[in-house]
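S.K.: Sequences are here, hints too, so could you generate the full structure?
Sequence lines, in order, name chains A and B. Using our numbering, read the first sequence as starting at 631 and increasing by one per residue. Using our numbering, read the second sequence as starting at 12 and increasing by one per residue.
Since the hints were derived computationally from the structure, they do not count as laboratory data. Backbone N, C-alpha and C fix where the C-beta goes; we use that ideal spot for every residue, glycine too. There could be a bad hint or two in this list.
Listing some non-contacts, in silico: residues in chain A with all C-beta distances to chain B over 10 Å [to be verified]: (1) Q648; (2) P691; (3) S695; (4) L713; (5) E730.
Within a straight-line C-alpha distance of at most 30 Å, the following computed DSS-like cross-link-like pairs (lysine-lysine) qualify [to be verified]: (6) K78/B to K66/B; (7) K48/B to K120/B; (8) K112/B to K643/A; (9) K78/B to K112/B; (10) K70/B to K112/B; (11) K643/A to K48/B.
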Amino acid sequence: DAGVTQSPTHLIKTRGQQVTLRCSPKSGHDTVSWYQQALGQGPQFIFQYYEEEERQRGNFPDRFSGHQFPNYSSELNVNALLLGDSALYLCASSLGWGGEQYFGPGTRLTVT
Amino acid sequence: QQPVQSPQAVILREGEDAVINCSSSKALYSVHWYRQKHGEAPVFLMILLKGGEQKGHDKISASFNEKKQQSSLYLTASQLSYSGTYFCGTAPPENSGGYQKVTFGTGTKLQVIP
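M.R.: Have a look at this one:
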């Protein structure tokens, strides 16, 4: 039973560029949430997707956008990258609103 | 608003017990507990959905006091493998219909030494 997978593992981008991160949920899960985790901090909620629509959003600017595909996988897009966007980006999946979220290994984004 | 966790850090010897607290200034619908080891993703421990509910997993258990908007995580007879940073995550009542927006605390760093 495959867990949550994310790609790529690491990414280095230049300020102003755009980036796309990918997530495949745990088998049987239909809801995907994205989090940003800065060093030494707890994960911060970005948004949550269910049935291909954004259902909840945290306090992140419109530069952060996402998408969920019919197979429940998801993408996180960040435009006009800032140095402050450097962080670990975590994807978590769950079955509906059941609440048990399973996290992927994350994508480490470095903006230079 | 971000829940507050205490203590921020704790060092235990193997076999000792610990309690980690999580407090929110807002009403809560659910509390989630996760453990994250350095360089790894957070791992789900348990979720508490009802006020007063207590859940346990091996020697790790948790309680949820809905009225006080608090949750506590209890680690008994700690093992070396318990080392890591523990996060509580909270979701408010307006999420009870679904689409939970979980807000995580700043974490409690726990180190178990031989």
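S.K.: Can we trust that P691/A is non-interface, i.e. its beta-carbon lies farther than 10 Å from all of chain B?
M.R.: The claim stands: P691/A keeps its Cβ more than 10 Å from every Cβ of chain B (closest is about 17 Å).
S.K.: Quickly compare the C-alpha distance for K78/B and K66/B to 30 Å and report which way the hint goes.
M.R.: 18 Å, holds
S.K.: Within 30 Å, alpha carbon to alpha carbon, are K48/B and K120/B?
M.R.: Holds, at about 10 Å.
S.K.: Check the non-interface label on S695/A: least C-beta distance to chain B beyond 10 Å or not.
M.R.: S695/A clear of chain B: closest Cβ-Cβ about 17 Å, beyond 10 Å.
S.K.: Can we trust that L713/A is non-interface, i.e. its beta-carbon lies farther than 10 Å from all of chain B?
M.R.: 22 Å, holds
S.K.: Keeping to a limit of 30 Å between CA atoms, is the pair of K112/B and K643/A held or broken?
M.R.: 29 Å, holds
S.K.: Since E730/A was said not to touch the interface, does its Cβ keep a gap of more than 10 Å from each Cβ of chain B?
M.R.: 6 Å, violated
S.K.: Is it true that the CA of K78/B sits at most 30 Å from the CA of K112/B?
M.R.: 20 Å, holds
S.K.: Is it true that the CA of K643/A sits at most 30 Å from the CA of K48/B?
M.R.: Holds - the C-alpha atoms of K48/B and K643/A are around 26 Å apart, at most 30 Å.
S.K.: Is it true that the CA of K70/B sits at most 30 Å from the CA of K112/B?
M.R.: Holds: K70/B and K112/B sit about 28 Å apart, inside 30 Å.
S.K.: Taking the shortest Cβ-to-Cβ distance between Q648/A and chain B, state whether it exceeds 10 Å.
M.R.: 25 Å, holds
The structure does not agree with numbered hint 5 stated previously, though it agrees with all others.
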